[in-house]
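Chemist: Here are the chains, one letter per residue:
There are 2 protein chains.
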Amino acid sequence: MKNTLDPLEPKADKATVRRHNLSLVLRAVHDEGEATRAAVAARVGLTRAAVSSLVEQLLGGGFLTESGKTFSGQAGRPGTALRVARTGPAGLGVEINIDYVSVCVVDLAGTDRVRLTEHLDNRDVPPGEVLARAARIAARTLESAAEQELRPAGVRLALPGLVSGGTVRQAPNLGWNRVAAEELFGRALGAVRPGPGDLPVGSDNEANAAALAELWFGEGDGARARSFLYLSGEIGVGGAIVVDGELLRGAHGFAGEIGHVVADAEGPECRCGSRGCLEQYAGQAALLRGAGVDEQGGLPGVAELERRAAAGDARAVAALERAGRMLGLVLSGAVNLLDPDAVVLGGIYRPLMPWLGAAVDRELALRVVSGLWVAGGGRLRASSSSGDAARGAAALVVRDVIADPAGYAERVGTP
Amino acid sequence: MKNTLDPLEPKADKATVRRHNLSLVLRAVHDEGEATRAAVAARVGLTRAAVSSLVEQLLGGGFLTESGKTFSGQAGRPGTALRVARTGPAGLGVEINIDYVSVCVVDLAGTDRVRLTEHLDNRDVPPGEVLARAARIAARTLESAAEQELRPAGVRLALPGLVSGGTVRQAPNLGWNRVAAEELFGRALGAVRPGPGDLPVGSDNEANAAALAELWFGEGDGARARSFLYLSGEIGVGGAIVVDGELLRGAHGFAGEIGHVVADAEGPECRCGSRGCLEQYAGQAALLRGAGVDEQGGLPGVAELERRAAAGDARAVAALERAGRMLGLVLSGAVNLLDPDAVVLGGIYRPLMPWLGAAVDRELALRVVSGLWVAGGGRLRASSSSGDAARGAAALVVRDVIADPAGYAERVGTP
Numbered sequence: 001m002k003n004t005l006d007p008l009e010p011k012a013d014k015a016t017v018r019r020h021n022l023s024l025v026l027r028a029v030h031d032e033g034e035a036t037r038a039a040v041a042a043r044v045g046l047t048r049a050a051v052s053s054l055v056e057q058l059l060g061g062g063f064l065t066e067s068g069k070t071f072s073g074q075a076g077r078p079g080t081a082l083r084v085a086r087t088g089p090a091g092l093g094v095e096i097n098i099d100y101v102s103v104c105v106v107d108l109a110g111t112d113r114v115r116l117t118e119h120l121d122n123r124d125v126p127p128g129e130v131l132a133r134a135a136r137i138a139a140r141t142l143e144s145a146a147e148q149e150l151r152p153a154g155v156r157l158a159l160p161g162l163v164s165g166g167t168v169r170q171a172p173n174l175g176w177n178r179v180a181a182e183e184l185f186g187r188a189l190g191a192v193r194p195g196p197g198d199l200p201v202g203s204d205n206e207a208n209a210a211a212l213a214e215l216w217f218g219e220g221d222g223a224r225a226r227s228f229l230y231l232s233g234e235i236g237v238g239g240a241i242v243v244d245g246e247l248l249r250g251a252h253g254f255a256g257e258i259g260h261v262v263a264d265a266e267g268p269e270c271r272c273g274s275r276g277c278l279e280q281y282a283g284q285a286a287l288l289r290g291a292g293v294d295e296q297g298g299l300p301g302v303a304e305l306e307r308r309a310a311a312g313d314a315r316a317v318a319a320l321e322r323a324g325r326m327l328g329l330v331l332s333g334a335v336n337l338l339d340p341d342a343v344v345l346g347g348i349y350r351p352l353m354p355w356l357g358a359a360v361d362r363e364l365a366l367r368v369v370s371g372l373w374v375a376g377g378g379r380l381r382a383s384s385s386s387g388d389a390a391r392g393a394a395a396l397v398v399r400d401v402i403a404d405p406a407g408y409a410e411r412v413g414t415p
Numbered sequence: 001m002k003n004t005l006d007p008l009e010p011k012a013d014k015a016t017v018r019r020h021n022l023s024l025v026l027r028a029v030h031d032e033g034e035a036t037r038a039a040v041a042a043r044v045g046l047t048r049a050a051v052s053s054l055v056e057q058l059l060g061g062g063f064l065t066e067s068g069k070t071f072s073g074q075a076g077r078p079g080t081a082l083r084v085a086r087t088g089p090a091g092l093g094v095e096i097n098i099d100y101v102s103v104c105v106v107d108l109a110g111t112d113r114v115r116l117t118e119h120l121d122n123r124d125v126p127p128g129e130v131l132a133r134a135a136r137i138a139a140r141t142l143e144s145a146a147e148q149e150l151r152p153a154g155v156r157l158a159l160p161g162l163v164s165g166g167t168v169r170q171a172p173n174l175g176w177n178r179v180a181a182e183e184l185f186g187r188a189l190g191a192v193r194p195g196p197g198d199l200p201v202g203s204d205n206e207a208n209a210a211a212l213a214e215l216w217f218g219e220g221d222g223a224r225a226r227s228f229l230y231l232s233g234e235i236g237v238g239g240a241i242v243v244d245g246e247l248l249r250g251a252h253g254f255a256g257e258i259g260h261v262v263a264d265a266e267g268p269e270c271r272c273g274s275r276g277c278l279e280q281y282a283g284q285a286a287l288l289r290g291a292g293v294d295e296q297g298g299l300p301g302v303a304e305l306e307r308r309a310a311a312g313d314a315r316a317v318a319a320l321e322r323a324g325r326m327l328g329l330v331l332s333g334a335v336n337l338l339d340p341d342a343v344v345l346g347g348i349y350r351p352l353m354p355w356l357g358a359a360v361d362r363e364l365a366l367r368v369v370s371g372l373w374v375a376g377g378g379r380l381r382a383s384s385s386s387g388d389a390a391r392g393a394a395a396l397v398v399r400d401v402i403a404d405p406a407g408y409a410e411r412v413g414t415p
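Each protein sequence line maps, in turn, to chains A and B.
The first sequence: position 149 = 149 (the working numbering), numbered continuously.
The second sequence: position 39 = 39 (the working numbering), numbered continuously.
Because the hints were derived from the structure by calculation, they are not lab data.
Just so it is clear, CB atoms sit at the ideal spot from N, CA and C, and this is done for glycine as well.
It is possible that some hints are incorrect.
As the list claims (entries may be wrong) - If the Cβ cut is set under 8 Å, some of the chain A residues that face chain B in the computed set are:
hint : residue
1    : 162
2    : 257
3    : 329
4    : 341
Hey, can you work out the whole structure from these sequences and the hints?
Modeler: Quick look at the structure:
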């Protein structure tokens with residue numbers, strides 16, 4: 001039955017408790033942005049003395065810094081303000097998409113500190129070569145990070161396909177099938193990276209990583225939704241489902257594949273083997289083709305489409321309206337199934353929202369059975385500009401550091 | 001960020017800990033079916049003495065019974081076998097559907113002990129009257145329960161619509177709109193029920209309740225899936241999503257509405273205001289109409305359809321095949337979004353599976369992008385016969401008793 005009632009935790013040994021509490025304190029400062037020891041103690045429910053001892057260890061390990069004096073709001077006694085360090089522990093995120101690779105390093109606060117993006121065509125290139133190229137880009141990014149004294153705890157790949165257990169099971173738009181991405185990337189990075197030791201490599205779906213970036217770093221009206229559908233418009237259409245601030249990953253890790261939800265049972269064949277998938281109507285190629293822009297045009301093509309739509313080009317506007325209807329159609333089903341707070345459109349949909357949005361919203365208002373979707377009600381929005389898949393992936397690495405700072409210190413050492 | 005790290009629980013007062021531990025022990029016996037005090041102590045991590053004291057209280061309160069002597073497997077010392085009581089604490093579940101009302105009382109083990117079902121047409125009857133009728137049926141059921149010495153802690157309604165905060169926001173097939181179902185039912189039950197005091201009334205969507213019954217009581221191959229989509233074929237098509245053994249309820253409690261996911265954008269108008277909803281192709285009326293059976297025929301109509309299909313009637317078989325294709329089409333989208341372990345078809349789909357199943361499975365195998373859906377792979381199945389919405393609703397009441405037996409003793413008293 002549902003209501004899990006766990007026994008009170010058996011008494012943990014002292015070292016385990018301290019390790020746990022180190023993380024609690026680091027996380028408290030991370031979440032607050034800036035906090036005194038007293039504020040941390042109040043938040044985590046430990047004594048001031050215990051917090052002070054933990055803070056000393058975190059300062060020594062380079063996880064926290066203290067800056068100047070501040071006045072605690074409650075007691076009026078001056079306290080030193082703690083912040084997470086801007087150097088040291090960091091995360092490396094590598095988004096490999098169809099027509100670009102974007103690598104970034106974030107610090108403990110999740111701030112994007114180094115970014116290197118290359119636009120290139122990864123289709124019809126052997127997976128090993130794509131991953132080796134990405135590793136070279138990552139190595140250059142790591143050089144910049146080292147100059148900023150940032151030392152990533154690991155790498156997380158963000159990949160446009162079905163990712164599970166370190167392997168891309170399928171990425172139709174890349175033409176990948178059972179590619180051991182983590183292993184290939186890790187080997188390639190080991191060969192080109194300066195410095196000793198291997199960085200642990202993880203991997204995730206790119207829309208998942210982008211959705212987490214939206215959850216953690218999204219700004220602006222309504223960015224605080226805790227349950228939302230995220231769509232990433234690229235050459236393919238990726239998707240992710242966030243429920244109560246957590247990714248819904250599915251039984252095999254393959255949830256969120258909205259690009260392959262059927263929009264029209266009798267529609268054109270899709271690279272996935274099915275017919276009439278949403279991608280066939282709202283993917284980048286379909287959008288460009290519908291607007292009469294060269295469908296191989298990549299991001300410059302999208303910019304051209306945006307220019308034409310802004311200039312009132314009837315064909316461009318009609319193509320975007322059509323794609324918006326199909327997006328709305330499929331999204332209405334997803335909203336009926338999942339009842340999220342919001343729908344967030346990212347990737348190429350972000351700049352195209354002025355011409356897509358109304359049609360999407362209209363379909364949703366017509367077809368969401370709860371009647372809770374009102375066109376113009378603000379529940380449909382473009383993704384924030386402050387997060388993307390590479391940043392989300394890098395932040396996942398940092399999240400692991402925050403969950404176990406002692407583990408990072410053991411592996412990577414202290415400054 | 002994701003990894004929530006809670007501080008170690010502050011020291012709870014003794015009474016709260018005892019209350020919590022009472023539930024732990026009751027739940028341990030409930031989950032095991034039969035257990036010695038020693039086995040309970042091992043499972044919950046409390047001392048044998050503490051468990052014995054808690055067991056005494058639970059025996060006194062009528063939550064547990066002990067039966068004969070048994071031998072514990074490990075020590076060889078005889079121990080008394082504990083079981084949850086077959087009398088006393090119970091739950092009342094009331095499913096109000098379009099063309100029937102089914103009421104059941106389950107005991108602490110979740111066993112269906114009393115069942116009263118009336119087939120009748122609830123359409124075009126004022127909601128207050130439908131609920132009053134259901135209350136009379138419930139009162140009769142309670143009389144039978146009392147004769148069996150079962151004393152329900154409360155009632156849970158299972159309703160075919162969008163249910164939130166005690167109100168049916170919308171039930172298109174009943175024609176209900178913002179009906180204060182809990183209040184109306186509670187008042188009606190208070191007027192007709194024998195005995196003192198009001199039973200607390202709760203409410204839920206019927207597919208949600210049926211999915212929980214499937215989760216908790218499902219039997220047979222594959223019934224142990226912890227993540228599945230549940231479809232309830234009735235006059236409408238209800239749906240529920242179970243993820244890791246929990247209902248996914250959505251931001252407003254309206255998740256799972258698969259009956260109103262679009263199957264064909266240009267399809268016939270639906271009572272919900274949209275077009276081409278799955279219900280228009282796979283609801284009971286569409287199925288019967290397609291097969292040339294009187295679409296107002298209700299359950300006898302479904303039995304007639306089943307007879308015709310079994311006899312090889314071409315029109316009946318074709319209608320079921322068509323409905324199966326549309327079910328599979330919409331389900332493929334839901335599987336791409338949610339990546340569940342299994343899809344479970346309940347309600348009228350259960351007897352019709354021999355003629356629906358292959359088409360559903362085929363569409364899924366064609367359209368699920370992970371390639372993990374193999375036709376005939378066993379991930380599509382009919383619901384178990386051992387659970388339904390009324391039982392699921394009643395079990396939800398019992399679950400609350402198990403979560404706080406002391407609360408039940410305070411409210412309802414001891415035997």
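Chemist: Hint by hint, say whether it matches the structure.
Modeler: Now the hints, each set against the structure:
{"no.": "1", "hint": "162", "verdict": "holds, 5 Å"}
{"no.": "2", "hint": "257", "verdict": "holds, 4 Å"}
{"no.": "3", "hint": "329", "verdict": "holds, 5 Å"}
{"no.": "4", "hint": "341", "verdict": "holds, 4 Å"}
Checked against the numbered hints given earlier, the structure satisfies every one of them.
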